[in-house]
Every structure is written in structure tokens, then in C-alpha cells.
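Engineer: One-letter residues, chain by chain:
2 protein chains.
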Amino acid sequence: MENKNDSITSRDVDFAQWYTDVCKKAELMDYSSVKGFIIYRPYGYRIWEEIQHYLDAKFKKLGVENVYMPLVIPESLFNKEKEHVTGFAPEVLEATLGGNQKIEDPLIIRPTSEVLFCDHYAKIISSYRDLPKKYNQWCSVVRWEKTTRPFLRGSEFLWQEGHTMFASAEEARHDALQILELYDKLGRDLLAIPFSKGRKTEKEKFAGALETYGIEALMHDGKALQAGTTHYFGDGFARHFGISYLGKDNKLSVPFQASWGVSTRLIGALIMVHGDDNGLVLPPYVAPIQVVIVPIQQKRPEVLKKAHELYDILANKGLRVKLDDSDHTPGWKYAEYEMKGVPIRLEVGPRDIENDCYNLVKRNDGQKVQTNENDLANNIENLLATIHQEMYQKALHFLKSHIVEVKTMDEVGKVGEEGGYAKAMWCGDPNCEAAVKERFQMTARCLPFDQSPHDDKCVCCGKKADKVVLFAKAY
Amino acid sequence: MENKNDSITSRDVDFAQWYTDVCKKAELMDYSSVKGFIIYRPYGYRIWEEIQHYLDAKFKKLGVENVYMPLVIPESLFNKEKEHVTGFAPEVLEATLGGNQKIEDPLIIRPTSEVLFCDHYAKIISSYRDLPKKYNQWCSVVRWEKTTRPFLRGSEFLWQEGHTMFASAEEARHDALQILELYDKLGRDLLAIPFSKGRKTEKEKFAGALETYGIEALMHDGKALQAGTTHYFGDGFARHFGISYLGKDNKLSVPFQASWGVSTRLIGALIMVHGDDNGLVLPPYVAPIQVVIVPIQQKRPEVLKKAHELYDILANKGLRVKLDDSDHTPGWKYAEYEMKGVPIRLEVGPRDIENDCYNLVKRNDGQKVQTNENDLANNIENLLATIHQEMYQKALHFLKSHIVEVKTMDEVGKVGEEGGYAKAMWCGDPNCEAAVKERFQMTARCLPFDQSPHDDKCVCCGKKADKVVLFAKAY
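Protein chains in written order, with this note's numbering: chain A, 1 to 475; chain B, 1 to 475.
Next comes chain A alone, as it looks inside the complex (with noise of 0.2 Å):
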């Protein structure tokens, strides 16, 4: 048993400690005996469910269809698209034993499948009938990381990826967009977090793709986090593994592509857009558990017969609740919870009891709410939707408040000093990119959906220019 009230490093002092600390002390996750592949606990684990949960079933209405696609790729099979290979061979593990006897064909453990999906495709796309496919796996992947982080970077972490394939190349955009914005919704309706969307520039699109979209979240230290991207790939990677289709008109055409994942780095985002000196402060959609009951003087059997009473109350309503009777104090399971980032706390004791007057406790911001049990479930109902707001609304204000409009390289360097997006009109120059990344460490995270220019000039050359970037560190 962990001794929970340990204090965690604070944020202003540490953020990296800070962060570290509430990954372990909240029990998201633990390390393995191999750098960077953790453990996914319980607690952490829930949360990535409930975000599988809403994203399928989104997904499933959109006709996706979920498969599992090999953990392995013979390295002859990898080696087929030139520009994917370069981009993932220095980090790939590969097997080379198999019952003891040598593999010929070392074999890559998958660090994402588009090599998989596209031999696959070849096989079973034939006619216009089998278009459009669109396929998702939810699985992990592994690419070896010199430099690993619980959720941000590991050399093994769960994602989805989708792949689609479509007979025009404005499905298939459509397709890259569509996501996003699914993407972004997950954001708004279950994580709280307002995302940055827009397109990436050459320099940092995925390997193979043509054009690459993403959804950015800024954290706390004002450092920005890629929380999910989606390619368009056009025809490219089709026709190198040779896809091809009989259209209603007899004629041989290739299909276009498109693929699209989010991965367990959206728990990292909670984390660090959400948490405080406390621990985690988890959005109640998401939450594992939405409300805990802290039963005060819990040996008065009074108390645990009414706090049983009210946990059905809530449990039937479909409310994540959880009674927490174990022999430690009150103070400790307080300190626990909070820890854990539970968004509301009811205390039940005897003098609750008698008066019908329960408080309840804001992990948000630490506010009383008083109910009585008539009220309970609808209010408490009421509350998480408030405390989602709330919460929205202060990541949205964070946001807002650190889109920082530049003219100058100096103002650039200021803002990656402080933190936040300096948000610059560049000229399109993979220079001038590269020359904001050597200086202040800053990379050029979308070009927003929203190109309103506020200048007209390049930040970096001063020459004329009309697309509007956001610049800052990153994850």
C-alpha cells in the first residue's frame, strides 16, 4: 500500500516531476523492467476505455469497421514505400528468433500498419462494389525510443489507427477532415480540452503522406502536445502495392487513401491541460469514477447502511460511483481521491444523515454543493455537467489567453520563453521554419483552419507572406 499523502512535487517548481509523480501516485500507470513499455493500471486503463468507448461508437456510425491486422511485418514488406521507411527505420524492433531458429525475413514488430492495410487491400479490393473501405484496429505499437515519457513518448503505446480507401480523392480529404473534427469533439464533449486544428507543414507531416492534419492541445507549462493527426495520402501508397478497381465503367482506376489515430498520449493531455498541485483533476465524462462516497464515523452502522442507500441511488442511474468502506481515516481517503482527481466527493455522517443535508465536493475548485437525497441524483447529475463546463471553459480561457500574435522573431522567442503559440505569418519558406526551430526550439505546429492574416509579412525573412502559423514547443 502506497502511502498517498505524500505531497507531489508542485508545477511551478517541477512540471516534469509534477507530472511524473501524479502518473504514479495516482496509480494511471507503473514501469515495466523495459524502458519505456509501462503499465497500463487499472485506473489509467479505464480512462483510455471510455475514450475507446466514444470514439467507436462514433466511428461505427460514420460505417467504420474494426479488424486486427498482424503485430508483425516482414522487413521486405516494410521496405516498400521508400519515404514511410525512411521515417520509421531508425526506431523499429525487430524479431529475429523464432523458436530458437534464425527468421530470414526479420520480422518488425508493427510501429503503425499502412504496409499491413495496403497488402490486404490489394487482395480484396477488385470493383467499385468494394469501395469505399473504411477499416480501424485498435491495438499497440512499438517504436524504440531513446527518450521515453508514461503516456507523452513510449517505445510501446496504444492507439487506433483507421485506413481508408475511396474511388475519388475528394472522399478521401473529405475523409482526413471528417476525423478531425470527430477528434475535436471527443475534445469538447468527453476530455474538456479545446484543440488548436489546422494543417501541418511539409517539414512535419507524416511519412508518405501528402497532406497531414492535427488536433493540438496546449498544456499547463504552456508547452503544445500533438493529440492526434489525419492523412491524406492520395494515391501514392496505392499504387505501390498495386490497388486497383474495375469502376462501373470498365476501367481500371486506383483508389485513394486516407488514415487517421489517436493514441494513449490523450491521457497525458488530461493530465497536464487539467491537473493541479493536488494530483489529477479528471473531467466527469472520462472520470473512471464520477462520484465517491466518503462515509464519516463509519462504525455507527447508521452511516454505512445510508451511504449503500445512497451509492444505488446513483449506480442506478448509470452514475460511476464508488463507496469507499476500507479501515482508512476520512482524511486519508479525502487526500486519495483527490489524488486521483474524482470530480465529486459526497460525505456521509451522522449528522448528514440526521439533518438530510449531504455536502458535496467540487474536485474542480474545491466548492460545497449541499443536496438532500430526494435531490441527490439529479443534482449531482446537474453538477457534472457544470464541472465539465467549468473546466472547458478554464482550458478554453488558458488557450485563448496564450495565442500570442507576432510580427518579430524577438516576439517569436519571447513567447516560446513563456509559453504558449506565437501565432506568425510566414512565407512558406521550409527556412524560415527551420530557422524559428533552431533558435528557440519552437516548431511550427498547424497552419490553423483560420488563416485571417494579422501582417503580411514572413516573420523570419521579412519577405511577403500569407499563411498564418502556429509556432511553440512541444511534447
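I should point out that these hints are in silico values taken from the structure, not numbers from a laboratory. We treat Cβ as the ideally placed atom computed from N, Cα and C, and that holds for glycine. Hints are not guaranteed to be accurate.
Only pairs whose alpha carbons sit at most 20 Å apart, straight line, appear in this in silico SDA-like list of lysine to any residue [said to hold, decoys possible]:
1) 423/A / 449/A
2) 134/B / 27/A
3) 61/A / 134/B
4) 400/A / 423/A
5) 322/B / 27/A
6) 248/A / 328/B
Just so you have them, the derived chain A footprint on chain B, three or more residues with Cβ under 8 Å [claimed, not checked]:
7) 32–46
8) 61–69
9) 95–104
10) 107–116
11) 135–147
Once you have looked at the hints, place chain B on chain A.
Structural biologist: Just chain B, lined up with the frame of chain A:
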């Protein structure tokens, strides 16, 4: 587009070929470029999702929590429990290169995760308050198999593995037996498969377990298929891994362990228990599509209009329904959804609409039932329940008629030739068990829970015997 009207091999001509034909033509799976690593296509994966959905809800009600453990196990950690290593070592896949560098302690791709769970439990269990621990994970595992068959024996397959820790031996054994009951219920409720349940012999039990329990299903060809197992470990692994806890009595104790799992083998069981010469026959509650609507003369506008109306009625009831309005002929569609084993076909043609009288065709026996629009949803819900019962009873009758009480080795061998279980008395000597295997290639599938003796002499050596065993050829 594959031609669905290709005939498949008859079961009586070549059962193995029939099985492969069905796997491919019902689009359950496809082969990848690596032997034994199959692609779970949407129709096959969706069956697995229904199984997951059923079990996961039941697990959660029992207080089981989902986690995700790393994909890889360092060889040094894997070697910690000798018996376990010996059981798995010949069939592991090992990664030896990461980012093009040699990995000093090679990484075994998990064939099962006992050692990972134990390693983690050693860190997080220290007090009586930390027990019980009931963790489960849904994942894929890798076993480098020489002979592979889709769903039955793969180099990679999907499964769930539960690993639990308790303060007492009784609780741990109870857990193994309780989950076995749950697996049995999965058969009755979802798969329409009756299982034979029992304990495994010493020879057949899991590497490292004290007791192994299993559910066995009987395939159409008379061979048995182990469909799930649960294990009681005692405190053996816990001692090896240094897991202990401080009790309420302030003494250090070692906890007791169980584990349990079912895999995508269950899909193989579904195919071979229920399938027929026209393809798959799926029980209604696990079927990805429960009702397929086939429009007749769909160019007439009233046909598709009505087909969509009926679709909406059924979809709004939460039924899994598909309307196939593609430009294939009705005959093609009939064959397609027969191959895919869809429980009910609903035909919608001009005359049906005019008469408000629709044909429902049952996949399991080809019989037709008629309904008007008003009673459609009710009639279909009832018909699905009827089909489930019919399929379960048919499989149960087949099972019962293939359990043959035997008293001599010749009779054992005869059952082996004809298919089914030879229910025999056994003295408990492993040599007798081995003799049956050597002579007839039949293994002890289990010591069934009903141990009522029909003789008092061992079927092999003739000595005094009080154990009832089911011998069979097995997948």
C-alpha cells in the same frame, strides 16, 4: 470482389478443407505474408467483439479490472519460473534488435503474461488491504507454431488473460471455478455451444499450475476442442516472485493465485459446431448481422422505400440488421448471407408489400416463417430466441450422443475412429493415459465434474479405478 457462388468443399468429403473454405469465403479472416499471423477481417473481428462485450460486462460485475501489460518480457525475467519456461521456451518469438542496435537482454514477445503480472503484483501488493487483486487484459499473444490453422492454432491470436491474487487458497480456487462457470454460461447464452467441463490431468495441465480446469467443445467431425481454461496456482509463482503482504494480524503472508483465459479459438468452435455445407451458421446473439433484408425487384421505387422502413423498425429495436441494396442479384445475395451464416433473411418484394406478408427464412434449418409489418419486430425477436434454442439443443443432442461409456481399450479406439468422447474409468497412472494417447492419438480431455463411475477397473491396466475421464482426439 470474390465470387460467392463458388461452391465450398462438403464437410463429409474433407472437413479440414471445408473449414478453411468457410474461414475464407465467409470473410472471417485472410492470410498475411507471415505464416500463422492472420488478418481478422471485419466479419470475424465483430464476432470477437460480441464475445468481448459479453464477457467484459460479466468480468466487471465480478470486480475484475482491466489493465494492459507490456508486449515484451526480458528473457531474464521470463526464465524466473522454471516449469513455466520449459512449457513455453520452444515456441517463443524473440526481438534482438532495437533501433538497429543489439538488445543485451533479448525481449520475448509475450506468449502469456504470468510473469509480468507477478512482477507487477510484487510491487503493488504489500497489505491485506491490497487483496484481492483481480486483473484482466485483452490482447494478442505470440507463439511460434510450426503447424497453424486459422483461429485454432496461430502464431498470433487474440485472447483475454485474467490473473488474480487472494489472501486464501480457497478464494483463489473458487475464482478459477467461478470463471469456468462463466465460460460455460457464455457457451449457453451466446455461442449456443454446450461445453464439457472438468479438471485436467497432471499431464494436460498448464505449465506451472497446480490445477487446471477446462471447457471442451465437440466439433462436427467428432474431435474435441479445448475452448477455455482456468488455473489454480497455489502460492508457487507468488513465492518465486517475492509477493507477500502484511496481514491484519501483522504477519507477512504469501497470497494465492489463479488465472484464466479464452481466445479467438471460440470462433473456430462456432464454425465447426454449427456450420454446414452452405457455410457458416451463426447463433443469433453473437452474429454480427442478425437479420439481412434482401429487396426483390429493387428498381421499383416502392421496394427500396419499404425495405428502408423495415430496416428502421428493426434497427430502432437495437437489432443488428443489414439492408443489402447493392446491384448484385437476389440469388447472389441469398448465397452470400447463407455463407455468412446470418440467422434470418427477410425478403421484400412488390407482392410481399402488396399483401403485407413477408417471408423470414431461417438459416439454421431453411424453414420459412411469415409475418406482417406490424408484428415484424416482435416476431423477429422471438424467432431469434427460437433459433438460439434450436441450435443449442441440436449441439447438445450431438454432444450427448457422442459420449460413449467404454470399458475396454478396443472400445476406446472405436470411439476414436468414429468420433466423440470415450468416457472411461482410469486408475490415475500417467502411463495408462500415455498408452491411450500412443495407441489412439486420443488425449484425456478432462476429468468431468460428474464423476459417477460406470465400472471399477481402469480401462487400460485393469487395476482398481475410481476416476472418470473423457478421452478424445482433439484440435
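Engineer: Just to be careful, I want the Cα atoms of residue 248/A and residue 328/B compared with a cutoff of 20 Å; is the pair within it?
Structural biologist: holds, 13 Å
Engineer: Taken at face value, is the distance from the CA of residue 27/A to the CA of residue 322/B at most 20 Å?
Structural biologist: Answer violated: residue 322/B to residue 27/A is near 43 Å, above 20 Å.
Engineer: Count the residues of the segment 32–46 of chain B whose Cβ falls closer than 8 Å to any Cβ of chain A, and tell me whether that reaches three.
Structural biologist: holds (count 11)
Engineer: Given the hint that residue 134/B pairs with residue 27/A, test it: the Cα-Cα distance must not exceed 20 Å.
Structural biologist: Measuring from Cα to Cα gives roughly 16 Å; hence the hint holds.
Engineer: Against chain A, does the segment 135–147 of chain B show at least 3 residues with beta-carbon separation below 8 Å?
Structural biologist: holds (count 6)
Engineer: Taking a Cβ-to-Cβ distance below 8 Å as contact, does the segment 107–116 of chain B have at least three residues touching chain A?
Structural biologist: holds (count 3)
Engineer: Count the residues of the segment 95–104 of chain B whose Cβ falls closer than 8 Å to any Cβ of chain A, and tell me whether that reaches three.
Structural biologist: holds (count 6)
Engineer: Could you grab the alpha-carbon distance between residue 400/A and residue 423/A and see if it respects the 20 Å cut-off?
Structural biologist: Holds, at roughly 11 Å.
Engineer: Does the segment 61–69 of chain B contain three or more residues whose Cβ lies closer than 8 Å to a Cβ of chain A?
Structural biologist: holds (count 5)
Engineer: For residue 61/A and residue 134/B, compute the direct alpha-carbon distance and say whether it is at most 20 Å.
Structural biologist: Outside the cut-off at roughly 34 Å; violated.
Engineer: Take the C-alpha atoms of residue 423/A and residue 449/A, compute the straight-line distance between them, and say whether it is at most 20 Å.
Structural biologist: Holds. Residue 423/A to residue 449/A sits at ~13 Å (cutoff 20 Å).
Consistency note: the structure conflicts with the earlier hints numbered 3, 5.
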